[in-house]
Amino acid sequence: MNKSSPDPCPSGWVKHERKCYYFSKAESDWDSSQSNCSSSGASLARIDTKEELDFIVSNLKYPYHWIGLRRKNNQTWKWTNGSEYNGSLFQFGAHGDCAYLNDVSSKASSTRCRSPRYWICSKSLSAF
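The numbering used here numbers the first residue of the sequence shown as 2 and each following residue consecutively.
No lab work stands behind these hints, which were simulated from the structure alone. C-beta atoms are modelled at their ideal positions from N, C-alpha and C, and glycine is treated no differently. Take the hints with a grain of salt, since some may be wrong.
[Unchecked claim] Ranges of calculated distance between the beta carbons of each label pair, as one might list FRET restraints:
#: 1; residue 1: Leu126; residue 2: Gly83; range: 19 to 25 Å
#: 2; residue 1: Asp49; residue 2: Lys26; range: 24 to 30 Å
#: 3; residue 1: Asp32; residue 2: Tyr63; range: 16 to 22 Å
#: 4; residue 1: Ser39; residue 2: Asp8; range: 28 to 34 Å
Given the sequences, and given the hints that come with them, work out the whole structure.
So, in structure tokens, the structure goes:
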């Protein structure tokens, strides 16, 4: 008998490599989006590799999605866990303080944190 292993991600989440992702079906500002992720034990998505970025973009169903990058007063971009963004995946074309993915260009941009966007949560499989 061939038994398939159970999906390690919650219902409505998508597994990729060692993370689970949630792609929202509603829009909210950056802080509310991060709160929504936190309520599931996750955070707005941290993207570490080009391959991970490609996976996320291939799963987008709406144009703009918040990710877990933010800066304060035009200072250094930081992920939600406080680590600095190294600038390797994308440069930002706008002057806002919160980052989002654009599904058309597969690039990140930034805008005012109060703007409504869809969002992407992520958490590592070890968090389950």
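| field | Consistency of beta-carbon spacing, glycine 83 to leucine 126, with hint 19 to 25 Å | value | The hint (19 to 25 Å, Cβ to Cβ) holds, given that leucine 126 and glycine 83 are roughly 22 Å apart.
| request: Go ahead and decide if the range 28 to 34 Å is satisfied by the Cβ distance of serine 39 to aspartate 8. | output: Once the Cβ atoms are compared, 22 Å apart, the range 28 to 34 Å for aspartate 8 and serine 39 is violated.
| message | Assuming the hint says 16 to 22 Å, is it satisfied by the Cβ distance from aspartate 32 to tyrosine 63 or not? | response | Because 19 Å falls inside the window, the suggested range holds.
| message | The hint says 24 to 30 Å between aspartate 49 and lysine 26; measuring C-beta to C-beta, is that right? | response | holds (25 Å)
Hint check: a violation occurs at hint 4 only; the rest are consistent with the structure.
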